[in-house]
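Next come the chains, spelled out residue by residue.
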Amino acid sequence: MAKRQKKVPLFERSLVNDAFRQSFAKLDPRIMFHNPVMFTVEIGTFVMAVVTAYTLLASSTSQGSPGYNLTITFILFLTVLFANFAEAIAEARGKAQADSLRKTREETPAKKIFPLGDLYVNEIKIVSSSELEKGDVFICETGDIIPSDGEIIEGIATIDESAITGESAPVIREAGGDKSSVTGGTKVLSDKIKVQVTTQPGESFLDKMIALVEGASRQKTPNEIALTILLAGFTLIFIIVCVTLKFYADYANTPITIAAFVSLFVCLIPTTIGGLLSAIGIAGMDRALRANVITKSGKAVETAGDLDTILLDKTGTITIGNRKATKFHAATGIHEDDFIKACALSSLADETPEGKSIVELAGKDVAKSLSLKDAVLIKFSAETRTSGVSLPDGKQIRKGAYDAIKKISDKEGNIFPAETEKIVRDISSNGGTPLVVSENGKVTGVIELQDIIKTGIRERFDRLRKMGVKTVMVTGDNPLTAKYIAEKAGVDDFIAEAKPEDKMNYIRQEQHAGKLVAMMGDGTNDAPALAQADVGVAMNSGTQAAKEAGNMVDLDNDPTKLIEIVEIGKQLLMTRGTLTTFSIANDVAKYFAIVPALFIVSIPVLQSLNIMHLHSPESAILSAIIFNALIIPALIPLALKGVAYKPIGASALLRRNLFIYGLGGILVPFLGIKLIDLVVAIFI
Amino acid sequence: MNSEIFGVIFMFMATVVLAIPFGKYIAKVYAGDKTILDPVFNPIEKFFFRVSGINGTKEMNWKQSMVALLTINLVWFLLAMLILLNQGWLPLNPDHNPSQTPDLAFNTAVSFLVNCNLQDYSGETGATYFSQLFCFMFLHFVSAATGMAAAAILFNAMRERTTDQLGNFYNYFIKSLTRILLPLSVVVAIIFMLNGMPMTFEGKDTIQTMQGDTVQVSRGPVAAMIPIKHLGTNGGGWFGANSAHPFENPNYLTNMVEMIAQFLIPLAMVFALGFYLKRKKLAWMIFGVMTTGFLCLVIPNMIMEQHGNPEIARMGIDMGSGAMEGKEIRFGTPASAYWSILTTVISTGSVNSMHDSFMPLSGMNQLLAMMVNAFYGGCGVGILNFYIFIIIAVFISGLMVGRTPEFLGKKIEAREMKIAVMVTLLSALLIKGGTALACYLFHRDPSLPWLNNTGFHGFTEMLYQFTSCNANNGSGFEGLGDNTPFWNISTAFVLILGRYLPIIGPIAIAGILANKKYIPESAGTLKTDTLTFGIMIFAVIIILTALSYFPALALGPIAEYFSM
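Protein sequence lines, in the order shown, are assigned to chains Z and C. Residue 19 in our numbering is what sits at position 19 of the first sequence, and the numbering runs on without skipping anything. Start counting at 1 in the second sequence, then tack on 684, and there's your number in our numbering.
Pulled out of the complex, with its shape left as it was, chain C reads as follows (with noise of 0.2 Å):
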């Protein structure tokens, strides 16, 4: 076999033998048993909440875990906002690099505290040492210890039981830090480390070319970020190149890494699921309905790239190694391929090749991954996401099987389904709205620096934008010019609905389920954990979701593609 689809297949079942027992750690950890790491952290975190005067083991409601997790989140877009209109004369700014407009902060404090990571800016010349650090490392670590900790209140709310105490928001966001997070970012840490990637405080460095010229290159503490940027399924990179720069990916083993440590925590948080309910089947059910989707949405595409370009092939350049325009030579097709579906099924949105480049269906099929944002999905949000598929699926064929639905013995009624209705809408709207919305100024004043490419290629730039922002993915169709006020309020305002809506939705719905009656299961009950009920749900996300693009894709990528 060729050894480069070979690496592909070995590092996806790599993940899924490490995700599963990282799952069964992780159920250990939310269900408060004894975990290894206790003897380190149970003090340290002791003394957080004593200074805080938070109590970590008061039992919350669905609605008081939001209120708290909103004003965390807070606290910390102000202290982004800070940081970053003011890192110009900050510590730790060894290049000298300017604070940040007011819009461009704007939009860059969004987009890392929800997790996206849109970066209009490059990291270059945008961000300080400081910065890099104390912001956005920061927002890596908290903003998927958020995303995380809602997962686990979900968990606890699916349990058998009728309760409206769902657990600590700030226990499990702690945990998720200490327990998870920050271990796993120590180990891959010392991987990078290894792999040359760059570990200091100094600035630019100065290097002399063969041909003799003089070249700055930018360099930091990036083996600090680098790990947490992927485990938290953040994308933000250091680099303006992300993970296709040499310093932030420096190999094929390094590649190996980055992609294992994004997929590791989503994929393990479907198991986790599984532990922790007990029901092991349900998440085996989940994970295939989203391994389905992702190879769906990964196999055409590295077929794809690998047969190239055929308008350049007509040229006479030779496409064995298939399409390599804005691949790197270190990672070649398949790989390149494989991540970019992996980071826009997750919500990473990190690159290590220019997804404008790709083919168009290619690219149809990355933008795909992140309007359905549930095939594995982002660290902890997914399983939120997938969750409001499964309500309505269940609502659906729960009826098929003569019976009001129900969900793991609770019922679903009208108000739940108003909920999961109102958060699909809201993909839907922020999407298309958006979409709409530039396309109308596009067409209004054609002479708006926005677009590089005209046409159908102009459009898919534009609603790639808008989905990658309400996917809260971060990655970019480049080649639209987003640095203008435009783009950086209209997208921050998508974040932000985009975040945190789809999160509190869910949580919502599981809270008020958690409060009714449990039912038992009987043999008339609709059983969620078996392959019937896995197609159904992926027949809803299809129709629902995918399908309801079809327009906007074929105005596209779709009539992009029939052109070539």
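Only chain Z is shown next, with the shape it has when bound in the complex (with noise of 0.2 Å):
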């Protein structure tokens, strides 16, 4: 599970640079007009630079004075410059990342196969990655990069992924089954494949991913319209509020400026998770991007966050994927050392974890006495599915599944001893797996393989116990085996003997109960589940029927990343509920700034209203709007970070929320318009 950490800084010059230029972009009313909030600070602008230009031309003071005018019309402009920031560095860090990920695969040569060449038919020219489209075939052979995503068609190869999983550990592809994606940018180790593309150019989930982020196709997931609803019905109360605030003026014989309304309706308007709004959702997809998943909607990444049930297969997420040696199990009539010795010899340069965890259950002495000088070592290949070593005495040592042993021993004619087929049926039934050894071609013993469950897997399910997600495991084991594998692991329940129509059962009732369920897959037969579950991940490795059905892929492969996408989900939901909360307990420090301001000078009794004891009603309101503009960009960092996530239970964790952010909400503007007050002082 070795992950590359890719550590962007927040704000990389490039990006800034790039995220200042889309900010005024952004500025086109067509654009902000989907951003109901920051559109009407907009409007706003607009009205304050009518009428500072008014105070320009006219002789007129009683709208204020002309610079008065101009600094509020240009915070206002910064206002909406900074909510354009946000979502543009979102965008741009997103993008960024995207970018690299594709630059992996561009512009690489490919052979590619012509069924009607100039010359020949099946004629082979080399062409650039960027020309092969959908269904073209092409070939790989050892130490090429494969130029495009594809399906294998023909053959088998190993091949290094590590340019987009970060894992160092080959990988074996072969066509046909589960395991013929291969995917652009990754590297032939062995062998030859034939491919065929399965994408085209700009059509891949990468490029989608890029397009999602950018805005172009990025749609409002349904939280994020429900939230914008909410902020727009704020929005129009506040409206209400300073409309009505004019008549009332009027029959109170007290004039108030355009420029008071207009900051007064844009200090309570929800401007802070106004402008943020967007950043979040793209930053949601963004984090999951950097865990190497790729999101097709951003709504996967919110229902992420609401997830009730995940299905994990055991193999690879709960245990470790290899499995180790427990036990030597010598035929009758091979004395056990004699047995031990051969089988730690064919493992002694097996560099497979199976292979070093024999050996270690040998022990050190006899691996010690060992001596492979001269030997032929036989690797394990996808052919013959054994391994082993051939000695130069002569003698073939060879390790592997039961019935490729079988095959051996049947060819030399020796009998498969029943005693041993006993020893290997037992095994399996105790959720273990037999590996038989074979001495040219006689059989001699049977290693017992056992599951290792991962370590700090228990804790990993005590936390998603605490978020109320429950764990349940899919697995081929017998009932049994699987009952003592999930006690053991801590997972709330376990399908056993699982048939691919199982999970799809289990899917299904669950959602029945009302219930939200994750899956992850990597097989053709997998895809309809992929297809059922509420969040999909399939598998990169996996085929591509799979990536099809599944609402994410995940890049690394890695079984255990849904529990890091119910965290991100949970994330971004969060980040918006705090962020919506600290904006809406921020209106009542900018209330009692700005209403003493607007009636001071004619009702000076309400002085004592200005609990704050601000300089004066101009500095009062510019110490407002100016702490209103400034918290967008002092909240970007958090938005893009996401607040952090405690599995520390709901009611808790909403205590530990309300505490921070909105009992933090009162009381942070109140001191923060208190010491911009004292700057603004001095220059009034």
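Do not rely on the hints blindly, as some may be mistaken.
Listed below are the simulated DSBU-like cross-link pairs for lysine-lysine, each with C-alpha atoms no more than 30 Å apart in a straight line [to be verified]: (1) Z:K220 <-> C:K1201; (2) Z:K220 <-> Z:K327; (3) C:K1211 <-> Z:K466; (4) Z:K299 <-> C:K1201; (5) C:K1200 <-> Z:K220; (6) Z:K470 <-> C:K1201; (7) Z:K470 <-> C:K964; (8) Z:K499 <-> C:K1201; (9) Z:K299 <-> C:K1200; (10) C:K965 <-> Z:K470; (11) Z:K299 <-> C:K1102; (12) Z:K515 <-> C:K747; (13) Z:K515 <-> Z:K483; (14) Z:K341 <-> Z:K466; (15) Z:K454 <-> Z:K442; (16) Z:K220 <-> C:K1102; (17) C:K1201 <-> Z:K646; (18) C:K1102 <-> Z:K296; (19) C:K1211 <-> Z:K515; (20) Z:K368 <-> Z:K324; (21) C:K1200 <-> Z:K296; (22) Z:K515 <-> C:K1102; (23) Z:K641 <-> C:K718; (24) Z:K395 <-> Z:K368; (25) Z:K187 <-> Z:K379; (26) Z:K646 <-> C:K965; (27) Z:K246 <-> Z:K134; (28) C:K1200 <-> Z:K466; (29) C:K964 <-> Z:K466; (30) C:K1102 <-> Z:K246; (31) Z:K470 <-> C:K962; (32) Z:K470 <-> C:K1211.
FYI, nobody ran anything at the bench for these hints, they're computed from the structure.
Reconstruct the complex from the two isolated chains, following the hints.
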């Protein structure tokens, strides 16, 4: 699980420059219109610009001095710009992240097969990867970089996917079955494969994701829409407050300047969350991408936060994908020590975790006493499904799956011992994997491999349980073994002897009970379940069908990723909630800054409401809108990084966030506005 | 302890103690369980349903219920208009009072229909015994039952299941009348009659005072109407002076009974919700938020009124018994201050003292009580108003725990938010917009004969009138000359909008939610029956509702307070 750590500084210079340009481009009212809160601020800025022009041209001072009006216009303009910048920087970061991933797969030479070439049938010509179209076929040999996403139609190969996943161990991909998918940018280490291109250039998942981030095809998620409605509602309420105030003031013979009205309005409407809302959404997708998960929609990330149940495959998720040797079973007539020696010998040079575990089990002393001098190592191959060693004395030790060794044994004309066969069955039924060992085609015994539960997985499940997420282990093991491992790992439920349709049924059943379910899968037979699940994460190594069916693709092929995805979703929603709370709580202080300022001149007794003792009505109004503008960039880092999620239970979480962002939201502006007022007072 | 204060605490505690078992009873009534009154009323109800051809057992969805609600309300409106426009020649008019003018009749009919009872007329001269009984008292009963039936639909919709069948509106309506309002009214009426409240069909009585003058005293079947006036949080009294009048509220005991009566059902509805849904903790949370709001308003009022008016004190007049201007000696300051907030938090609007004469900030608290209109709130409708605040609070705090918001297992999405926002907007628009319109007209033509007080206090009077109408409260900051076409007609529209949309809105939300998939609770689900969530709702109410009136209040009561 070597994860590539991609730490990009929050404000990288090139990104900031790009975002800065974008924030001006976004001033276009046709774009602003989609964000009702900031759109009204833009209108307010425009109104203030007109008022400023008026005060410059007319000699009347009833609307305040031109300088004062100009300052307010400028601050309002900054407010809009800051909000645009927040969105632009989020976009730029997401785009940069996706671009860097995309770069790895651009402009590599491709050995394309032309069924009717210039000279021959099936002529191979080298073309640029960008010229490959869906349906084209190319070949890759040892050392080639795979030019495009595709599906192997012929051959088998080991592939280094570290460029995409960061995982250094090579993987095997072969035609047919669930491991037939290859990713552009990865490298073929051995053998030769024929691959058919599965995506049109510019239509890969990454391309789709970039489009999502860039806003061209970004649609507001349902929750974002609902929140926008709420924020638009607040905005309307404060429009009513400000418009009606004009008439109250007329009745009370209290003239209020347009600048004061616009400032009051802009301060009261939830500009903080209004300005940061889309940045939060984009940052959510971006965080997913940083975790090497491509999301096909913003909604999927949001749904992830709501998940009630997640289905996890046992192998690779709950247990270490590679099992460990736990016991040697020598066949009858074979001396135990000799058997152990043979096992260790065949595994000495074996770098796989299983191999290492066998040597470990045999013990240091045994390992030291052995020598591999002049021995020929037989590596595991996808063809033979066995590995081993050929010693100089002609002894051939092989170990492998029951049926593979049986084949060798049968070929040599030996009878597979019935008693060993029984051991093999027993091991299987106890959740273990039998590894049969043969010497010169004669079965000498069985190595028992057992599942090893990942360290720390129990804690992760506890964490999920505290989030209210139920974990379900899916395994092909028999119910007894499944139960044993489930209990040991601390999962809430399990599906034993699972067939693909069992997953599907379980998902349906949970959904029927109103729960949101996530699963991870790679095979074509997982596709229906991936589509049925509310969050379906397809592994990048999986088949095209699986990737099409899910709504996320995990580039790391890491099944524990679901846990991270849930947290990313929760973070996204929490960031929205806390910043909304903060934004609304800010209003309390702003009322106390601006309302006295509106009336003090004509109703001096209302000076008593000026509890912050702000310097003058003008400084009070300026301080409030300056605070209002500055709080947006101040919160951009939080919006991009997201509020930290702590699995402490919903009530404790609410208490905590309400305390920090609610109470903080009430107190911070009192302090901020007062401080700004102290500075502003120097200039007025 | 001061016995007057003790009296107030006793009244509050007594109501709470009564409301808990009564809430359990209400829950039983709406759940369709057997009650002891069944043998008496079941045959009568069956007869009504048979005669009217209404099927009282057919399940309705929320839209059908609302159509039924609006239809019968329209019929009552027409009936009320007919009576008021013709009361002059109709029977039971021993004092020969005239028929009402069309604009006054419109305002009166609407305001009784919507459970507000603004009363731009005075009962002694503007209404006959016939209208009092068959228009006003009738509407007292049915308007209260309308609100309660709507609340019953809400209760039904909040249950843990997925359906669009939310019970039968007519059934809830008639059960509210026969099982709750009618029996309680009889009990209360007996107490009132024993305490000397008039119950006669004879006309004005003539008495000779000690000075030898002859005085005409209005009377009538008062004791029949006053119980439901309070039980149904209507507030429209028999006499112009409402419950400050000795015949409408003869002594401290009747004062207590009237206060307990008006408070009982709004409070019991909260507990009924808990019993009905088997979520008692949720009910206590709601009760806690409402009571906190109530106490924040009532305690300052009692203190301010007890302290008296500093301007009068400066004249050398003793303020030992508090600010007694506009208050009745037999009730005293604390009980009057308590009543003034009680009648405004719940939407009764009956008065036993003149709100116009309260200290400025006491007046502000009365206004705030009506602006929020969900600290207990009116008969049935209070819980509907509170529901809107719950929805908004759930939405924000649901996000804060990292889930898309859900309430009682139902996801709150864009459509529900739209409705909740519209209902919130509406009250802001009606109160602020109405007051702005009045300000505009008065500013243009200051010779309009509306305001007996100018300046800050005059502004408060206008603000109070629209606030009272929007909240369907009906109390007035008297001193406003409100029997004019402008006030009669503009307030009537505010009354209608302020009544029906805040009923339809919550019912629509609940109806939509009821039809959604039920999501079982998990450790990650926001708990809505906790103290933390209560604080959240309280904050939403204060920041969204109360604070948005801050600029207006600053120009009215706050400016007046600082000027003293």
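**Study point:** Pairwise hint evaluation, K1211 of chain C against K470 of chain Z, where the allowed Cα distance is 30 Å at most
**Key:** Holds: K470 of chain Z and K1211 of chain C sit about 18 Å apart, inside 30 Å.
Review point. Quick one, are K1211 of chain C and K515 of chain Z close enough, alpha carbons at most 30 Å?
Key: Given that 30 Å is the threshold and the Cα spacing comes to 17 Å, the pair holds.
Review point. If you draw a straight line from the CA of K1201 of chain C to the CA of K646 of chain Z, is it 30 Å or shorter?
Key: Holds - the C-alpha atoms of K646 of chain Z and K1201 of chain C are around 28 Å apart, at most 30 Å.
Check your understanding: Has the given pair, K1200 of chain C with K220 of chain Z, been kept, meaning a C-alpha gap of at most 30 Å?
Key -> 22 Å, holds
Check your understanding: Does K1102 of chain C pair with K246 of chain Z here, judged by a C-alpha cut-off of 30 Å?
Key -> 28 Å, holds
Exercise for review: Verify the proposed pairing of K515 of chain Z with K747 of chain C, using a straight-line Cα cut of 30 Å.
Suggested key: Distance ~28 Å between K515 of chain Z and K747 of chain C Cα, so the pair holds.
Check your understanding: Does K470 of chain Z pair with K964 of chain C here, judged by a C-alpha cut-off of 30 Å?
Key -> Holds, at about 28 Å.
Point to revise | K1211 of chain C paired with K466 of chain Z [C-alpha distance capped at 30 Å] | key: 14 Å, holds
Review point. When you check the alpha-carbon spacing of K499 of chain Z and K1201 of chain C, does it fall within 30 Å?
Key: Within the cut-off at roughly 28 Å; holds.
Review point. Hey, K965 of chain C versus K470 of chain Z, does the alpha-carbon distance stay inside 30 Å?
Key: Holds: K965 of chain C and K470 of chain Z sit about 26 Å apart, inside 30 Å.
Review point. Taking 30 Å as the top limit, are the C-alpha atoms of K368 of chain Z and K324 of chain Z close enough?
Key: This hinted pair holds, its Cα atoms lying about 21 Å apart.
Point to revise | Given hint K1201 of chain C paired with K470 of chain Z - CA-CA distance at most 30 Å | key: 19 Å, holds
In summary, the numbered hints that this structure violates are 2, 14, 15, 23, 27.
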